[in-house]
Amino acid sequence: QVHLVQSGSEIKKPGASVMVSCKASGFTFSKFGISWVRQAPGQGLEWMGWISGFNGNRKYAKNLQGRVTMTTDTSTSTAYMELMSLRSDDTAVYYCARPKMVAGTLGIYYLDYWGQGTLVTVSS
Amino acid sequence: DIQMTQSPSSLSASVGDRVTITCRASRSISSYLNWYQHKPGKAPKLLIYAASILQDGVPSRFSGSGSGTDFTLTISSLQPEDFATYYCQQSSTTPWTFGQGTQVEIK
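Chains as they are written, first to last, in my numbering: chain L, 1 to 124; chain Z, 125 to 231.
Honestly, I wouldn't trust all of these hints.
Not the full set, but computed from the structure, chain Z residues with beta-carbon under 8 Å of chain L [unchecked claim]:
#	residue
1	146
2	150
3	152
4	167
5	174
6	176
7	186
8	207
9	211
10	218
11	219
12	224
13	227
Far from chain L, by Cβ distances over 12 Å, these chain Z residues were calculated [to be verified]:
#	residue
14	128
15	166
16	172
17	180
18	215
19	225
Please keep in mind that the hints were generated in silico from the structure rather than gathered at the bench. Even glycine gets a Cβ: it sits at the ideal position worked out from N, Cα and C.
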């Protein structure tokens, strides 16, 4: 059974950094990647980026480049998302999700399993 | 970036109604289109991937169609547990982008 279990809620001050973890189980972590998606209050879903579990290659959303870093620890099947220089508009629920490629294709991905979400509140 | 536009933004429907949500991409994404259901306080749930393939365990009243730039999610007979927000998402190119969501409410 696939599970993605995220770390708990965080309260941070503007300018600080936050790191959210996502521990995977039930599948071979190195054969997949982890994608991160967030939802600010009253807003829709926003894709933040993804990291390959195989070789650590990363893709980040342009509006977060320079502030976000995604990493993995294959020895513990855990992915991490660090967001720096936090602002009030970074207040959101952050989700990790597993991207899976459609069999027989070369790049049709979908997010089939999701973590439970981590609330990050940025407030002075 | 590819922009995804859903319509309507919200709708009111009754149990048993047929519901259709559309999603338009700003340029062709072939069949690189997924649909998710999201309820408050829960993680999003994958419903349809590659435009028309039903995810395992998802009821058959959900279906998806389309290719290129225009896509549709249909719920053939709305059930009480279907009241939620629905998102389309393209995985043709990064950044992967979501539609703004369609909130399905009880009439």
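Which of the listed hints are broken here?
-> Hint check: 1, 2, 3, 6, 7, 8, 13, 14, 15, 16, 17, 18, 19 fail, others pass.
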